[in-house]
Amino acid sequence: QVQLVESGGGVVQPGKSLRLSCAASGFTFRRYAMHWVRQAPGKGPEWLAVISYDGSKERYAASLGGRFSISRDNSRNTLSLQMNSLTKDDTAIYYCVKEGLDVVTIDVHYYFDYWGQGTLVTVPS
Amino acid sequence: QSALTQPASLSGSPGQSITISCNGSNREFDYNYISWSQHRPGKAPKVLIYDVTSRLSGVSHRFSGSKSGNTASLTISGLQSEDEADYYCSSFTSSGAHVVFGGGTKLTVL
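Taken in sequence, the protein lines are chains A and B.
This note's numbering applies: residue 1 is where the first sequence begins, and numbers increase by one.
This note's numbering applies: residue 1001 is where the second sequence begins, and numbers increase by one.
Calculated from the structure, these hints are not laboratory results.
On a predicted model such as this, the values are computed, not experimentally measured, just so you know.
Every beta carbon over 10 Å from chain B, so not counted as near; a handful from chain A, in silico: (1) L18; (2) G26; (3) S71; (4) N74; (5) S80; (6) T87.
DSBU-like mimics (lysine-lysine), calculated; alpha carbons at most 35 Å apart, straight line: (7) A:K57 with B:K1046; (8) A:K16 with A:K57; (9) B:K1106 with A:K43.
Cβ-Cβ distance ranges computed for the label pairs, FRET-style: (10) B:N1032 with A:G55: 21 to 31 Å; (11) A:S7 with B:N1070: 33 to 43 Å; (12) A:D89 with B:P1041: 13 to 23 Å; (13) A:G15 with B:T1108: 32 to 42 Å; (14) B:S1066 with A:V104: 18 to 28 Å; (15) A:G65 with B:S1094: 16 to 26 Å; (16) A:L101 with B:S1066: 17 to 27 Å; (17) B:G1058 with A:G42: 25 to 35 Å; (18) B:S1017 with A:R76: 43 to 53 Å; (19) A:G10 with B:K1043: 17 to 27 Å; (20) B:H1061 with A:V2: 15 to 25 Å; (21) A:K16 with B:N1070: 39 to 49 Å; (22) A:K16 with B:P1041: 25 to 35 Å.
The beta-carbon is built from N, C-alpha and C at its ideal position, and this holds for glycine as well.
Isolated chain A (complex conformation):
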C-alpha cells in the first residue's frame, strides 16, 4: 500500500532554515509528480510546491517568495522541502502529497490521491 512518511519537523527559530523529507513506498515513485501542502492551525490547507516525476520541473506558490525549494531523489524514493528564512507564519503541519496520474505534466494539477500524516513545524514568535 502507498505510504508517505514525513520527517524533519520541529521547533525552529525565526530566520533559520529547516529541511523536511518524505519517504515514499508502495508505488513507483519515479513515475509521479509530488507536492508539498501545509495546514496552519485553524486554517485550510495551502498548496506550496510541486515537482515533476523526473525532477526536471518545479512550481511554487507565489506567497513563498522564493524561500522554499522542492527536490527529489528517485533512486531513494525521497522527496524534500528546503525552507529558508522561516517566520511564525510558517508554523503548520507539512504534508507530502502524491499526484494521482503518472507521467503527466505539472502545468496542470489533476488530483491528489495520497497524503502523508504530516510533520509539524513550529516557528515561535
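Since the structure of chain A is provided, determine the placement of chain B on it from the hints.
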C-alpha cells in the same frame, strides 16, 4: 480568504444525508479537476472524490460528488459517526496559484 468557499460547519444525524457545497470561479470550474478530501485529527487526510464525480478506489459508495455551474457538492448518504471530520474541496486553478483549497467544512454527526 480561501479561493473556494465552503460552509464552515454542518451537522446531521446517523442515517441522514448531507451535502457540502464548494463555490469557486471559472478559473477552477472550467476544468473538471475538483476533488474532495476528509481530514481527521492525527490521521493522514484521505482523498474521497476526484474529477468532480469519481470515487478513489476503496472509498465507500456513500460518498458522491457533483457539479453545477461554479458549485461543486459532496454528498454523504447514510451518515455514520465515523464520518465526523473536516472536509475540504480542492481544484487546479488557472489563476496562477496552481492548486486552491476551500476553507473546510466541519461535519458533526449528532
